[in-house]
Every structure is written in C-alpha cells, then in structure tokens.
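K.L.:
Take a look at the letters that make up each chain.
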Amino acid sequence: MIAIIDYEMGNLRSVQKGFETVGHEAVVTRDPAIIDRASHVVLPGVGAFGDCVKNLTQFGLVEPLRRSLSQGKPFLGICLGLQVLFTESEEFGSHQGLDIFKGKVKRFSSGEHQDKGLKIPHMGWNTIDIQAPSPLLKEIEPESYVYFVHSYYIEPVEPKIICTETTYGITFVSSIAHDNVFACQFHPEKSQRVGLQLLRNFGAWN
Amino acid sequence: MLTKRIIPCLDVKDGRVVKGVSFVNLRDAGDPVEVATFYDQAGADELCFLDITASHENRGILLDVVSHTAEQAFMPLTVGGGVRTLDDIRQLLNAGADKVSINTAAVQNPDFVTEAANRFGTQCIVVAVDAKQVTSPSENPPRWEIFTHGGRNPTGLDAIEWAKHMEAKGAGEILLTSMDQDGQQDGYDLPLTAAVSDAVSIPVIASGGAGTLEHLYDALATGKADAVLAASIFHFLTFSVAEAKTYLGSRGLPIRQVNGNE
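The listed protein sequences correspond, in order, to chains A and B. Heads up: the first sequence begins at 1 in our numbering, then just goes up one per residue. Heads up: the second sequence begins at 1 in our numbering, then just goes up one per residue.
Read the hints as simulated data drawn from the structure, not as lab findings. Be aware that one or more of the hints could be misleading.
To be verified - Chain A regions said to be covered by chain B (calculated; three or more residues, Cβ under 8 Å):
hint	stretch
1	12-18
2	114-121
3	131-138
Said to hold, decoys possible - Derived lysine-lysine pairs resembling DSSO-like cross-links, with alpha carbons at most 27 Å apart:
hint	chain 1	residue 1	chain 2	residue 2
4	A	116	B	169
5	A	54	A	106
6	A	73	A	102
7	A	106	B	13
8	A	116	B	164
Unchecked claim - Covered by chain B, per the in silico footprint, the following chain A stretches (three or more residues, Cβ under 8 Å):
hint	stretch
9	66-73
10	145-156
Where is the CB? At the ideal position from N, CA and C, for every residue including glycine.
Extracted from the complex, chain A is given alone in its bound form (with noise of 0.2 Å):
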C-alpha cells in the first residue's frame, strides 16, 4: 500500500487518484503507523518551502519520513517533497530543509531571465532530458513532456543523484534519483499519460 503525505501543504487527491487509475491502492495520510507499515511513500506538496517544513515538524512527520527513507521503501518526493529532502532554500529568507541531500533550493533569477523573455514561475509543459536510467522512466520516452509549476530548483553537491535534467533559461535538475528515493520538480499526477507511467512504474518498483 501506497503512503501519500497529508502535511496541509495543497490537494492530494489527484495524485491518489492518479495511483488508483494505474491500478495501485494509495491513502492519504498523516498517521505514523500508517506511515511505517507502508510498502511505498510519497511526499507531495505545492506552496512555501518554509510552510513544508513546519508543517512536516508540526505534524510529527519528520521522523516518521526519515525512517520510511532509511528502511529503504520506495520514496517518490513531488514539486516541494522533492525540494525539501536538501539542506537549504534561499524563499523568503533562508530555511533549513531535511538535509537527506546536499544541496539548495534557489530561485530563477528574474532579471536573467526576463532578459530571455522567458516568465516566472515557470508554467507549463517542458522536456525532460534523461541523465541516468531510474525504474520510474521505464517506457517513457526521452525528451518527453510534464507540468512543471515553480519558481525555484534545486543544485545538488552530488551530481550522481541528478535523474534528468530540462531547460527554463539555464538547465536545471528536474528530478533526482539514488537508491530508494526518487523525487522530481514536475508533477506527474497533472502529465496526462506520461505522468500516469511514472507512477506506474512508482507503484510496481520494489
């Protein structure tokens, strides 16, 4: 059974829904037992990156994720549950993230790209151009298309964990993978077919 995160942090039912549609049981849930005896967990989340963390902490969640991470389940992280796993992010000041990842969360730099022409948030469907094979990408074509909605992105330390990668102005990260964790900026459960494959793929990955 499928663990999806409910930390008040945006709508999980499309993502819940999206799991059910590819024939995978998911609920949404708060509860730390629920958490632990879950074979697979997802963390979702859209809005503030300081609000995640407090929610997270405020909930009781922090611990119940690390253990889930470190227990070696299936970990799909989305948009802000992506973000949060590094050490840092430069929204609204600086806040400090879970640190499972080294890295920070910085923002497109507006002059940069409006110079482009190019508008923040970044809204819309972009390619991902694949950097390392993962079992979530399985028949999904390179370069294909997924909704991305954001502002900021991560830069890892580690290059090893960067999955794929698109470019929004500059060339960004736009989901990682290492070991049991996978986690990506854009938002499978709003990506049509080709986000109704990776969690698929997410639900039968063992």
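Using the hints provided, position chain B relative to the given structure of chain A.
P.N.:
Only chain B this time, still in chain A's reference frame:
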C-alpha cells in the same frame, strides 16, 4: 523547451456547461466532468472552468464538479468566478483545482491577492483582468481600462498598470480578457495582449476573440502570450485541439503535440 499552452474554457452554471458544447461523441455534453475528460484525452494543456452561477449558495455543486474532474482528468485545472474569500480559494484547491482565478475581489481589495498568494503560494493565484479599450481607434497610443461584473462596471483603472500592480501583489499569472473582442471570433486584442505581456514578468493567458487558428498564432506570436484560452472554436469542433497544435507547431511555435512529440 517550455511550450505555449492551449487552454479550453468551459462556462459552468449550476454545475452544467452553458454556451453549448457540440461534441457528437459525448453522452452528455452538458456535463463538465465528461467534457473535461474529453479535453484531457484530446491533449489540451490545461483546462479552465468559469463558474457563472449567480447564487453563492450553489457553491457546493461547483465544488462537486471540480472534485470529480480532478479525479478523472490528470491535467492542470484553473477555476474562476465568484472567488471572494480565502475560504473560497481553500475549498476550490481542496476540491482539486490547481489554480484559482480572482477578478472582482482583486479590484475591490488588491491586498486580497497578497493574502491569497502568501497562504496558498503565488503559483496558484491567477488574476483575471477584463480590459476594454477606452480610446477611440484613431487615438495613439491606445488605452485600456479594467471592467468588473462581466464588463458592465468601469473602474477607471489602467489595464497595463493594473496588471503590473497585480504582479507586485503576488499574482502568479494574468488571465487577460479583451471585453471588446470576447465572443466576436475575429481575433484577440493583439496590442493589449502584447502591452500586458511586455509589462509583467509572470505568464499571461490571452482570452477573447479566437475564431481561427491564425488568431491563436497571432496571440502567441505577435501578442507574446504564454497561453491562449478559447471556448467556442473547440466546443463546436470548428477545430480540434490536435489540429490547433499541429498548425501552431507548423508555424514554428514551441507546442506539445498531442502524440507527445514537439
């Protein structure tokens, strides 16, 4: 490369699609959920619901429609119409909307946009700007002002300045409708669209006036819009989403084609 977005828009009243949708292959073309699923499969990039229900008491019906849509269509959904309070936004997002469009409430209280962006994140706050040209066609440069209540109430606010103000207040996107062109099917207001696109550094969706595929191209190329919203041309199957995308791609715009390739 980030692609330009094609966004069909459905007017929804008391939970039913109005202004007619003439899909031959739908069981119930008045059911927004069924129409949304159709557009999802047709490869639309996003979907927009505009709720024109007069009474706020019927809000529950809209929330049901949004939640059923989010369960069946795995694409971004923007919902607008009658959004007045933070609670309205919270309910729509919890039902499954990805973005919420604010119009009159932003004009009445610009700080509402800031409160909403701080609470829910700037990426889900769209400000709908309804603009009408107030200079005569011979006057140069042209000027546009903001109208509320479906174009009936003038506000005296300059549209370009207003769009910049809304960006500063925390809007993540501008949904720009030309009240002059809306429903005319003879093209988007290109000078207005280009002026707003140049003035802000957030994405702009052009709306009002689509009648041909060339109109879509003009709004994206000349108007510099990031996305185009259209209703009738898609609902009446004048053109399919796939035809529009093939055309726009052939004109050299970055477009996500329906088969998944650029």
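K.L.:
Now tell me, hint by hint, if it's right for this structure.
P.N.:
Structure-based check of each hint:
Under a criterion of three residues with beta carbons nearer than 8 Å to beta carbons of chain B, the stated coverage of the stretch 12-18 of chain A is upheld, 4 such residues being counted. For the stretch 114-121 of chain A, the stated coverage by chain B holds: 6 residues have a C-beta nearer than 8 Å to a C-beta of that chain, and at least 3 were required. For the stretch 131-138 of chain A, the assignment as covered by chain B is violated, since 0 residues bring a beta-carbon within under 8 Å of that chain's beta-carbons and 3 are needed. Of the pairs offered as hints, the one joining residue 116 of chain A and residue 169 of chain B holds, with about 23 Å between alpha carbons and a cut-off of 27 Å not exceeded.
Between residue 54 of chain A and residue 106 of chain A, the direct Cα distance comes to roughly 19 Å. Compliance with the 27 Å bound is thereby established for this hinted pair. A distance of roughly 20 Å separates the Cα atoms of residue 73 of chain A and residue 102 of chain A; the hinted pair therefore holds under the 27 Å criterion. At roughly 42 Å between alpha-carbon atoms, residue 106 of chain A and residue 13 of chain B are farther apart than 27 Å, so this suggested pair is violated. With a CA separation close to 19 Å, the supplied pair residue 116 of chain A and residue 164 of chain B stays within the 27 Å bound.
Judged by the Cβ-Cβ criterion of 8 Å, the stretch 66-73 of chain A is not covered by chain B as claimed, because only 0 of its residues qualify and three are needed. Only residues whose C-beta sits within less than 8 Å of a C-beta in chain B count toward coverage, and the stretch 145-156 of chain A has 6 of them, enough to reach three; the restraint holds.
When held up to the earlier numbered hints, the structure conflicts with 3, 7 and 9 and fits the remainder.
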